[in-house]
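Chemist: Chain by chain, the residues:
2 protein chains.
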Amino acid sequence: MKKITTIPTFEDIQRIHEAIRPYIHRTPVLSSQSLNAIAGCEVFFKCENFQKVGAFKMRGATSAVLALSAEERECGIATHSSGNHAQAVALSAKLQGIPAYIVMPENAPSVKRAAVEGYGATIFTSGNLITDREEMLEKVLKKTNASFIHPFDNYDVIAGQASAAKELHEEIPDLTTIIAPVGGGGLMAGTALYMNYANPNVTVLAGEPELADDAFRSFQSGKIEPVLRIDTIADGLRTTLSDKTFTIIKNHVEEIITVSEAEIVAAMRLIWERMKIVIEPSCSVPLAVVLQQKERFKGQKVGIIITGGNVDLGKLPF
Amino acid sequence: MKKITTIPTFEDIQRIHEAIRPYIHRTPVLSSQSLNAIAGCEVFFKCENFQKVGAFKMRGATSAVLALSAEERECGIATHSSGNHAQAVALSAKLQGIPAYIVMPENAPSVKRAAVEGYGATIFTSGNLITDREEMLEKVLKKTNASFIHPFDNYDVIAGQASAAKELHEEIPDLTTIIAPVGGGGLMAGTALYMNYANPNVTVLAGEPELADDAFRSFQSGKIEPVLRIDTIADGLRTTLSDKTFTIIKNHVEEIITVSEAEIVAAMRLIWERMKIVIEPSCSVPLAVVLQQKERFKGQKVGIIITGGNVDLGKLPF
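Residue numbers (my numbering), protein chains in the order written: chain A, 479 to 796; chain B, 479 to 796.
Be careful, since some hints might not be right.
You can't tell identical chains apart in this list, so a pair holds if it fits in one copy or across any two.
In silico DSSO-like pairs for lysine-lysine, Cα to Cα no more than 27 Å straight-line [as the list claims (entries may be wrong)]:
#, residue 1, residue 2
1, 776, 572
2, 793, 590
3, 590, 772
4, 779, 572
5, 617, 793
6, 776, 701
None of these hints come from the bench; they were simulated from the model.
Just chain A, same shape as in the assembly (with noise of 0.2 Å):
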């Protein structure tokens, strides 16, 4: 295959997701009828909980290494993450036999850097600072030559992440809304491009913490505004925008609605007891938007991107 290098197009959403078929799970889409009381209308959930490595980031991983060349795959793939990303760029690797070298912080929790060895890949520890991870990661690249699959600032990995609300729209092709959370924002990209592509009368729109809404600030002034703060629960969403998902979200999402740390843990309550699915405290986001607007979603049918399952039980909000 070869690497997207402009806003992907509806063939090329098509395309990688046909790609990336044979190495991921198609999810489930759950719903449930005590929970759609509650909200005041139809909540379909495309649980990429259930995804491999517990995360939609292996749909996103998978598509950026078959865009490789013979020639790169060879000298093999890296990045840095304390998170899904990395498990799911040490799994892409595993499965398509060349190696990955993966950046951790010395504070990433030892069970992820233990699912990280377990699929074969050679962590680089760093220091805890973003600007330490990006430093180590250059020398990893300079001696290794492995290309760079960046989280979310890659066309390959947009139309990866795309093809979550491509299958959750196949499977409810009359949903009236799609609700995904945003972090760095290539789930929202994906989401927004492929929904503008599939079906432009969907609403698209986007959830995001409060206390990391900089996302909702870029929306507003037009330009990348950074993360101000990191203590929100949603620790997936702790990520500033880039160029090109920024481009993409600014002409493909309706909206970007706030919600509050205390709405988050509301609706993620909800999702464990009603659904009872085990969600990371990001995916929650969306359905804290429906419940903040019931009047707004009354009597529609809206989809929720379930984006991760990978959560410390010994640190629940309950």
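With chain A held as given, fit chain B onto it using these hints.
Modeler: Showing chain B alone in chain A's frame:
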């Protein structure tokens, strides 16, 4: 339909499954490659935590309600329970448009009372002892002429619970072993009966907490032994067998295997972390059995019934 008055036949179980089908979910069978790697065998989880009311009890209660005569339906149904059976009886009655009377002890969690009320049932509050509950139920039955739906000592209930194993076996026809947890024995008896009819070569095992090993002791002594302690974390399994369930279990279960509290919690955590599903402690007993005796199950295809997902998130053992 007519009530089943002797041990359910294969035809009974097939007929009941057809009859209850419109009122229950066909729940998914899930598996996890990483969990299989840990267990050393293929484990298939029949996810009754996704069943209506969050537990397999909906199957048996629906079966029992459908067996009532027109006259009996008019007077409604009753039971005493502080748990999943209460909700299952209440919802079954609601779906059939008949009244339900539920005796619940004072110490029943308010969330469970609210759920039962939400299904439109009338609640009678009793003292907390089992004798208090039984006395109150006697009064309710006299006053209302309602039919008592026993949670397990009832052949229609047993035949209803058998439908979970039937669906699991339909999906994974080459199972080599099936394991269910045993409390009062309704699910275990139904599972064992069904497998005995459908494929007697499948090994049928029961899992039980060491701290509530009444079925294990009954199996050895040949007569029903009481539960001596009620402090296992597997709160769904604190019940003693009944005549109907013990007779079936004695004849169709190969072995009852007990597991420690630590083994139960470890298996529960593994299911939450790897499967990303919310399950009750009782459900993790069968996986604890597999992990305790890995050599025995090596390379096998093991079916496990996940009984329910109604757990108090404020009181998790992690």
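Chemist: Each hint: holds or not?
Modeler: Hint by hint, here is what the structure shows:
1. 776 with 572: Classified as between; 25 Å across copies, 45 Å inside a copy.
2. 793 with 590: Both: 15 Å inside a chain and 25 Å across chains, each within 27 Å.
3. 590 with 772: between (37 Å within a copy, 25 Å between copies)
4. 779 with 572: So residue 779 and residue 572 pass the 27 Å test across copies only (26 Å; inside, 38 Å).
5. 617 with 793: This pair counts as neither: shortest intra-copy Cα distance 34 Å, inter-copy 46 Å.
6. 776 with 701: neither (33 Å within a copy, 58 Å between copies)
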